[in-house]
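Listed here are the chains, written in short residue letters.
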Amino acid sequence: MGTFYLSEPYCFVRKESERLKIYKDRTLIREVRVQEYSRFFIHESSTLTTDALMLLAEKGIDVVYFSGNRMIGRFVGPENKNVRLRIAQVKAHLSEEKSLHIARNLVLAKLKNTRTSLQRFARRRELELDPVILFLKQSMDHALRAKDLDELRGIEGMAAKRYFEAFPMLIQQSDFSFEGRSRRPAKDPVNALLNYGYALLKAELTGALQAAGLDPYIGYLHRERYGRESLALDLMEEFRCIMVDNLVVKMVNQGVVKRKDFHDDVGESRLKEHARKRFLQEFDRRRKDEVFHQLLQRKMSYREIFHKQAILLAKFIKGEADDYYPFLAK
Amino acid sequence: MEIFVEAHAINAYAYCPRRCYYEYVERVFYHNVYTIHGKLLHEHVDHAGREHRGERQLYRSLYLRSERLGLSVRCDVIEEAEGVLYPVEYKRGKQAGWENNHLQLCAQGLALEEWIGRKIPFGYLFYYGSFRREKVIFDDALRERTIQTIKAIRALHLQDQPPEGIDEWFRCKKCSMVDYCLPQERARLKGKVPWERFT
Ligand code: SF4
Chain A
1 MGTFYLSEPY CFVRKESERL KIYKDRTLIR EVRVQEYSRF FIHESSTLTT
51 DALMLLAEKG IDVVYFSGNR MIGRFVGPEN KNVRLRIAQV KAHLSEEKSL
101 HIARNLVLAK LKNTRTSLQR FARRRELELD PVILFLKQSM DHALRAKDLD
151 ELRGIEGMAA KRYFEAFPML IQQSDFSFEG RSRRPAKDPV NALLNYGYAL
201 LKAELTGALQ AAGLDPYIGY LHRERYGRES LALDLMEEFR CIMVDNLVVK
251 MVNQGVVKRK DFHDDVGESR LKEHARKRFL QEFDRRRKDE VFHQLLQRKM
301 SYREIFHKQA ILLAKFIKGE ADDYYPFLAK
Chain L
331 MEIFVEAHAI NAYAYCPRRC YYEYVERVFY HNVYTIHGKL LHEHVDHAGR
381 EHRGERQLYR SLYLRSERLG LSVRCDVIEE AEGVLYPVEY KRGKQAGWEN
431 NHLQLCAQGL ALEEWIGRKI PFGYLFYYGS FRREKVIFDD ALRERTIQTI
481 KAIRALHLQD QPPEGIDEWF RCKKCSMVDY CLPQERARLK GKVPWERFT
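Sequences listed follow chains A and L, in order.
Sequential numbering from 1 applies to the first sequence in this note's numbering.
Sequential numbering from 331 applies to the second sequence in this note's numbering.
These are computed hints drawn from the structure, not numbers from a lab.
Warning: the hint list may mix true and false statements.
Result set (DSBU-like, lysine-lysine): computed pairs, CA atoms no more than 35 Å apart in a straight line [to be verified]:
{"hint": "1", "chain 1": "A", "residue 1": "K91", "chain 2": "L", "residue 2": "K522"}
{"hint": "2", "chain 1": "L", "residue 1": "K520", "chain 2": "A", "residue 2": "K299"}
{"hint": "3", "chain 1": "A", "residue 1": "K299", "chain 2": "L", "residue 2": "K503"}
{"hint": "4", "chain 1": "A", "residue 1": "K288", "chain 2": "A", "residue 2": "K161"}
{"hint": "5", "chain 1": "A", "residue 1": "K91", "chain 2": "L", "residue 2": "K504"}
{"hint": "6", "chain 1": "A", "residue 1": "K308", "chain 2": "A", "residue 2": "K161"}
{"hint": "7", "chain 1": "A", "residue 1": "K277", "chain 2": "A", "residue 2": "K15"}
{"hint": "8", "chain 1": "A", "residue 1": "K15", "chain 2": "L", "residue 2": "K504"}
{"hint": "9", "chain 1": "A", "residue 1": "K137", "chain 2": "L", "residue 2": "K520"}
{"hint": "10", "chain 1": "A", "residue 1": "K330", "chain 2": "L", "residue 2": "K504"}
{"hint": "11", "chain 1": "A", "residue 1": "K288", "chain 2": "L", "residue 2": "K503"}
{"hint": "12", "chain 1": "A", "residue 1": "K161", "chain 2": "A", "residue 2": "K91"}
{"hint": "13", "chain 1": "A", "residue 1": "K161", "chain 2": "A", "residue 2": "K250"}
{"hint": "14", "chain 1": "A", "residue 1": "K91", "chain 2": "L", "residue 2": "K449"}
{"hint": "15", "chain 1": "A", "residue 1": "K91", "chain 2": "L", "residue 2": "K481"}
All figures in this text were calculated on a predicted structure; none of them were measured in a lab.
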């Protein structure tokens with residue numbers, strides 16, 4: 001079951017029996033059978049009737065509202081109200097030791113997956129990535145020995161910095177420049193793509209965590225700011241590079257998105273509407289891509305893995321599993 | 331009595347105690363096609379009320395509590411024919427004769443007995459798959475097993491961790507909790523992550 005993206009602006013969505021009818025300028029442009037989707041993404045300028053919203057809630061379909069590339073809210077139907085799990089989640093959050101343990105595994109998985117990804121690039125394209133690959137390996141050793149969350153975050157931050165210094169080497173289109181990571185505003189098209197991809201990934205994982213009964217706002221590695229989906233950000237670490245960065249690199253290198261698909265909006269690089277749609281399509285396709293899960297020793301689609309990881313995390317938090325087993329790509 | 335066991339939990343318990351724990355103690359709500367299917371079928375019996383159908387009188391969606399057994403029960407349908415009241419429970423599938431269904435129905439009978447103060451001698455199971463009714467006699471042996479199962483479920487509510495599951499794949503794969511319970515994954519992921527192998 002996939003995600004339905006309504007990115008077409010100024011649409012009006014009505015319910016008719018078990019279907020959604022999408023109108024634009026009073027003409028029907030699409031009919032959707034809701035059972036085929038597990039998530040419904042809608043952009044700011046479009047309208048859902050309450051009927052339609054209720055149908056989606058009743059079918060257990062998440063409705064996520066987007067403004068540009070920012071998730072601004074979500075509407076969820078009956079939730080997994082696992083009170084015991086929520087209590088365990090907060091207890092773990094308050095325990096420095098358990099928080100560190102979870103955060104460490106997340107960081108290690110991120111470092112490992114980033115390394116795996118760079119090793120692939122190095123092999124395929126004979127890029128000189130050895131120094132950064134080595135740095136990531138050493139970072140893993142350090143992370144294994146980190147004494148507290150601050151030290152762990154420092155290690156992770158340094159590794160991310162080194163990784164993004166090497167990142168421009170992966171991009172083969174000369175008209176795409178990359179001057180280091182910039183969140184808001186995105187200073188260049190590559191950053192705009194990364195930000196968009198991360199926002200979509202975060203929305204996915206927020207949904208997976210909620211389905212597993214976890215509170216996406218209570219995190220372990222990310223915990224400093226109130227009102228952020230800290231746990232979704234935590235879980236994202238395993239996937240950022242393999243799922244989003246690589247997709248962005250691929251789309252740029254293969255010319256799926258071009259320099260002219262962006263416009264400059266007072267210093268912020270923005271994706272034009274048609275290109276945004278294209279990105280959504282590619283992202284959706286990638287969710288269905290199968291990858292080998294090293295620890296589970298089998299191939300699964302990303303969306304399946306998102307849900308598995310959320311539940312595996314819940315199991316460790318509850319004390320039902322011996323450890324949190326992250327996603328490691330092969 | 332603090333904890334009221336739900337009669338529906340009996341069915342889950344008989345299937346697998348772990349499933350019962352997830353569904354009724356942790357109250358996990360995890361979507362999967364089997365549960366959705368069951369839910370849709372239930373919709374038409376879900377409106378409380380009373381009606382006549384030929385000689386029979388029907389009461390729909392009744393909630394009962396037994397203080398004595400610490401049991402709360404939702405009855406799909408209670409019928410009355412020739413002065414005898416009996417519960418009718420609707421089931422997906424066509425397979426008759428499963429003990430778990432008998433236990434759950436018997437629990438309804440017990441709660442109903444306590445409520446009206448009269449003996450309820452039997453009930454019916456109705457199977458959508460075959461459109462058949464199965465008559466279930468509430469004899470002493472069935473009553474005793476029902477009471478024991480309710481006790482076992484009450485004990486589950488006091489546990490911090492789920493009990494062992496049945497971990498039999500032919501049943502797990504049909505279990506509504508399989509995507510949450512992850513029996514195959516649990517078997518694989520034991521102990522700590524062996525990070526030395528990956529650094
Ligand atoms: S998946 Fe198997 S072990 Fe787990 S609850 Fe269901 S039947 Fe029990």
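Now the hints, each set against the structure:
1. A/K91 / L/K522: 21 Å, holds
2. L/K520 / A/K299: Given pair L/K520, A/K299 holds - Cα atoms ~20 Å apart, limit 35 Å.
3. A/K299 / L/K503: 18 Å, holds
4. A/K288 / A/K161: 30 Å, holds
5. A/K91 / L/K504: 34 Å, holds
6. A/K308 / A/K161: 29 Å, holds
7. A/K277 / A/K15: Holds - the C-alpha atoms of A/K15 and A/K277 are around 24 Å apart, at most 35 Å.
8. A/K15 / L/K504: Answer holds: A/K15 to L/K504 is near 32 Å, not above 35 Å.
9. A/K137 / L/K520: Status holds; Cα separation ~25 Å.
10. A/K330 / L/K504: 30 Å, holds
11. A/K288 / L/K503: Since the Cα atoms of A/K288 and L/K503 sit roughly 22 Å apart, the hinted pair holds (cutoff 35 Å).
12. A/K161 / A/K91: With a Cα-Cα distance of about 32 Å, the restraint between A/K161 and A/K91 holds, given a limit of 35 Å.
13. A/K161 / A/K250: Holds, because 21 Å separates the two Cα atoms, which is no more than 35 Å.
14. A/K91 / L/K449: 49 Å, violated
15. A/K91 / L/K481: Holds, at roughly 30 Å.
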